[in-house]
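Undergrad: Construct all of the structure, not just a fragment, from the sequences and the given hints.
Protein chains: 4
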Amino acid sequence: MIFLKNDYGRGAHENVFRALEKVNYEYHDSYGDDDICMEAREFIRGIVGPGVAGVHFIHGGTATNKTCLAAFMRPYEAAVAADSGHISVHETGAVEATGHKIIEVPSDDGKITPDQIEEVIEVHNMSQMVLPRVVYISDTTEPGTVYTKAELTALRECCDRHDLYLYLDGARLAYALTAPKNDMTYKDLGELCDAFYFGGTKCGALFGEAVVIMNEKLNENFAFVMRQNGSLFAKGVLLSSQFRALLEDDLYLRLGKKANDMAFRLADGITARGYDFAYTPESNQIFPIFSDKKVGELDRDVMYTLWEKRHDGTQVIRLVTSWATEEKDVDDFLELI
Amino acid sequence: MIFLKNDYGRGAHENVFRALEKVNYEYHDSYGDDDICMEAREFIRGIVGPGVAGVHFIHGGTATNKTCLAAFMRPYEAAVAADSGHISVHETGAVEATGHKIIEVPSDDGKITPDQIEEVIEVHNMSQMVLPRVVYISDTTEPGTVYTKAELTALRECCDRHDLYLYLDGARLAYALTAPKNDMTYKDLGELCDAFYFGGTKCGALFGEAVVIMNEKLNENFAFVMRQNGSLFAKGVLLSSQFRALLEDDLYLRLGKKANDMAFRLADGITARGYDFAYTPESNQIFPIFSDKKVGELDRDVMYTLWEKRHDGTQVIRLVTSWATEEKDVDDFLELI
Amino acid sequence: MIFLKNDYGRGAHENVFRALEKVNYEYHDSYGDDDICMEAREFIRGIVGPGVAGVHFIHGGTATNKTCLAAFMRPYEAAVAADSGHISVHETGAVEATGHKIIEVPSDDGKITPDQIEEVIEVHNMSQMVLPRVVYISDTTEPGTVYTKAELTALRECCDRHDLYLYLDGARLAYALTAPKNDMTYKDLGELCDAFYFGGTKCGALFGEAVVIMNEKLNENFAFVMRQNGSLFAKGVLLSSQFRALLEDDLYLRLGKKANDMAFRLADGITARGYDFAYTPESNQIFPIFSDKKVGELDRDVMYTLWEKRHDGTQVIRLVTSWATEEKDVDDFLELI
Amino acid sequence: MIFLKNDYGRGAHENVFRALEKVNYEYHDSYGDDDICMEAREFIRGIVGPGVAGVHFIHGGTATNKTCLAAFMRPYEAAVAADSGHISVHETGAVEATGHKIIEVPSDDGKITPDQIEEVIEVHNMSQMVLPRVVYISDTTEPGTVYTKAELTALRECCDRHDLYLYLDGARLAYALTAPKNDMTYKDLGELCDAFYFGGTKCGALFGEAVVIMNEKLNENFAFVMRQNGSLFAKGVLLSSQFRALLEDDLYLRLGKKANDMAFRLADGITARGYDFAYTPESNQIFPIFSDKKVGELDRDVMYTLWEKRHDGTQVIRLVTSWATEEKDVDDFLELI
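Those protein sequence lines, which keep their order, are chains A, B, C and D.
This note's numbering applies: residue 1 is where the first sequence begins, and numbers increase by one.
This note's numbering applies: residue 1 is where the second sequence begins, and numbers increase by one.
This note's numbering applies: residue 1 is where the third sequence begins, and numbers increase by one.
This note's numbering applies: residue 1 is where the fourth sequence begins, and numbers increase by one.
To be clear, the hints were calculated from the coordinates, so they are not data collected in a lab.
It is possible that part of the hints are untrue.
Identical chains share a label here; the pair holds if one copy fits it or two copies do between them.
Simulated pairs of lysine to any residue, SDA-like, Cα-Cα distance not exceeding 20 angstroms [said to hold, decoys possible]: (1) K257 to F3; (2) K217 to L131; (3) K309 to E119; (4) K309 to M126; (5) K217 to R133; (6) K309 to Q116; (7) K217 to R74; (8) K5 to M126; (9) K5 to Q128; (10) K294 to A278; (11) K309 to V120; (12) K217 to D163; (13) K309 to D115; (14) K309 to I121; (15) K328 to Y25; (16) K5 to Y27.
TA: Okay, here's the thing in structure tokens:
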């Protein structure tokens, strides 16, 4: 089977796994207080900038989003997100379970714009309505698109105008920062966001995400919120050692780049064979449109995700490459269509 | 000033106030266990039908919606509502504060259709997503439209197909059941809904709503959920005595009818003067469109609600009649335009 | 029947009911924005002191406690309360339903001491534990005892040492401030508490409580939390008009004094007949100990509350007087024992 | 340094780590749907019994308790737990954050008895109070004591009498089931509990817990609650592969036994040197009492946990052995005292 179903079908990159193996046979302090956590935090401060207020390691993405949004808002405050946002649709109401509404704005490409936020702010003007406080974006977005620095800067300025926090879900950050369209660095993210996270689970780690909080106020007592949400990992060293290995020598970006290369090789081949896409390919997730018949034929040999069954005899499927995808996987797929 | 701002600007109809005065000087048992509560429940069973599982009195609409939805769902379950629904926009996230997502579907007229629910059901097909469980509708809706029996029956059938509960917010039920377009009785509501409420606050009571639960399962331990949500009124007799007076001799419907008559007199006059409406008038809330200048002139003499400031020099305003509106109020308004 | 079951068996004092009747037949603005709300707030500022940050009217006690504690704390923060506290045992977990733990400390008389709070603070010293933030007390307490100014001052100082908020549940404040042991005024409460409320439901109003917030920070966006918790009453004038009437000319204190006088008349008579009490009578709730047989005899003529069935053939019952209790009620009861 | 601070200072036992390494380099399905999850579930059904309704893998203990209790209760229901219970004191209000009260009962040894539950049931007899629904116990308990089969059977019978669920927190189950006092098997747990979990994090796994639900009703839609609580691990194979390795050939019990042997060797040595214990040693956590001076001397060479600073010049410290503790660690410690 050719695995193009998602980017979390494999474990960790070898470097990361070896780092984990090393700490496995040592005693370490727990709950984020071990030496390697300290080192990993300093390393991240080094690549993101001296303004980092706190770095926290959490085992997975939904838990990270839930914990951050619970920590950043008062009860009547709400997050603004694209209607395709991960928190909007694919976390079983995890944010609402902490008591907060998500204000969903329509998005064709997974991104949201300052104009949309302005409109939300204009409408939410009385105590009968929730108070918008956090702007949630993901980069790459759920349909694989990527923010530019100009776009993120415009969102930042909008947030500044309205006293909003900008939070970036980086579950696929390695793929975003190495996408052709990207023009941002780690430091840019630090300067533009109140908080963001380095996704590990989907980007070369065995599991885990590293939250970087830039806004001192949002970092206050964050560990309490982590623990209350089941997000304070007992053996923190398992997370910090992975992130240390992942970020060192730009392994993170090299893995992201490789996945994007494979995705574009795949997209080019699909285009060359005359197929179209539901969204223009920008990163490691691509969404070709095939006939029902063609998709049926793929079932035997390919693991993919059905994205949308249209009523015109076609289907959109999602194909995802990862740091582990090989050229052979791509070429084998292209031979099938 | 001509008061057309809302239907809760006045206290109770005289009959209701007198009923309250009577019990004010007596000792009564508390928390819904008084004799008058028992009688009022029996009375409501009489007009709605023998299938009533429980009747509960709550002090206001938001508390009623919050309490019902908290009681009817498990944590991961969600309510489906129009994007104009009261729970969607005007309760400061009260439902989300109990941990539940509201799935909002677009609506031009405040109503939702079985097709929209079918689509929600089709999409929500895995544990990454919340599980739709309650269909929330309001009658009259927020923009004043009214459900027909055929529409409600179709919703009921859709709910039956997908194991959903149908909950009807009756904050303005008196106005709905006496609207020209209405063809439903109390008994129809009982047969078609899992739960609904008789709105009192906006329909002639001093305050309070009477929840009628038809589905035995939803009634189980409802008093616990009421109390946990601050909705179990200590002096229940204050609520039950009002509802007894309000429902007796069809006072409720007579008050609703009067408000609708006033609204149509108003709407006809506005139409006769050449103005248009944002929504076709169907009940006691109407939404005429005036020029900015005209609205400016009204400010001195009329209390109304600004609904939407358009960018073409016009505004939609909301004018609301109630059981307390007099012909003179209407005619005075019409002279102004 | 002689009604000594509780202090919410009756409606409003006549003055209060007349004030309500007056506003019933007028149009008023809603959600706390009416003129009478403004006046009542100013009146309360006059009697409590210029430091009042906000006054908010809520329909009942559980809703008030739930709303205040939800507003005052971040998610991982907790309230400290006596294990007999109303929020601890008699609100069906309303505070926990907003996500907060209540740290219960043992209390024989319903009061808590600075030493107990110090111990809680000492133990709660890491992010594995909730962070104590609010000290909840009630005056009178659930078993009818009363705080002195020295006791409240000591609690205030303890709160200042540990950055805690002091919140006083005044459901029975009229009875507390007129108890023989009391040496506090409205102004003292304002100076010592971060927030407290004037109980109306149990002290002469038809229903309702008036929250007084002294700490500016706690007042911020309070209306949003009220609405989210179903506590923002649509017809605010119904609450403000009652409180205006209740507080004017010290009616509140006169009603409290009368109830206490009746309670002591009752207690003295019971003592004279050779019975003992579970708690020393201090206010309008008294807890005599009778034999099972004696209690059985009372059942026919008296409405009271069973407090504790002991295993030695005796029972503690709760007898409660109110502003509405008459000498005849007391004397009739005494004849029965 | 001699590490006796806790039983989560080390990673995984070698067998477990090797199993993880194997799956690291393969593609697997996600969210608990992989083949190895299926196998591990079958394996667990084999050792616990055919009555297993569901097996779910979660990354850590707090998340497991939070998820289970959120899944098992309706909003107004409560868990009964010892006041030393992990959910009561050391999870930063994680259970309350899902809206549920924990009713704490006093316990000297970390265990609770049917009599205590009966008393809770007797008191909680009205809708003003939460409704007890889950009995939470831990085995071993927080102070290291162990339940016998007779004790657990008595709790089960009490639960049956009152329609309560019995939930056993098995964070240290390996140590419980191999304690000298234990007389229970996996099958006994399955027959007596509604749900329990095999603790992995503290018992030889790298991380993770395996929840076993026996009661079909409690298993319904459990995955939704997992995801909503951030507890549905993306790469489920990382958890299932570990548990398969851990439970195979009774490795789990062998690791537990070794830790207990080391703990008793340590306890015997401490006793022989004339020291006493705060709790009688029963498993891998022991609580000797040393003078302040002696504890001060240990600081240089030993990692331990301060449990209680007494006011008589002594301290209780907690010493914890694990599957990784060696005889040399024990003997080195004994030489120091």
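Undergrad: Against each hint, give a clear statement of whether it holds in the structure.
TA: Results of checking the hints against the structure:
1. K257 to F3: The answer is within: 18 angstroms in one copy meets 20 angstroms, while 42 angstroms across copies does not.
2. K217 to L131: Intra 18 angstroms, inter 17 angstroms, cutoff 20 angstroms: intra and inter.
3. K309 to E119: Between copies only: 13 angstroms across, 32 angstroms inside.
4. K309 to M126: The answer is between: 16 angstroms across copies meets 20 angstroms, while 41 angstroms in one copy does not.
5. K217 to R133: The answer is both: 14 angstroms in one copy and 18 angstroms across copies each meet 20 angstroms.
6. K309 to Q116: Cα proximity of K309 and Q116: across copies only (17 angstroms, versus 29 angstroms in one copy).
7. K217 to R74: both (13 angstroms within a copy, 13 angstroms between copies)
8. K5 to M126: between (45 angstroms within a copy, 16 angstroms between copies)
9. K5 to Q128: between (43 angstroms within a copy, 16 angstroms between copies)
10. K294 to A278: Classified as within: same-chain Cα gap 16 angstroms, cross-chain 48 angstroms, threshold 20 angstroms.
11. K309 to V120: Answer is between: at 15 angstroms across copies they meet the 20 angstroms cutoff, but 31 angstroms inside does not.
12. K217 to D163: both (13 angstroms within a copy, 18 angstroms between copies)
13. K309 to D115: Answer is between; shortest inter-copy Cα gap is 17 angstroms, intra-copy 31 angstroms.
14. K309 to I121: between (35 angstroms within a copy, 15 angstroms between copies)
15. K328 to Y25: Classified as between: cross-chain Cα gap 17 angstroms, same-chain 36 angstroms, threshold 20 angstroms.
16. K5 to Y27: between (37 angstroms within a copy, 10 angstroms between copies)
Taken one by one, the earlier hints all hold for this structure without exception.
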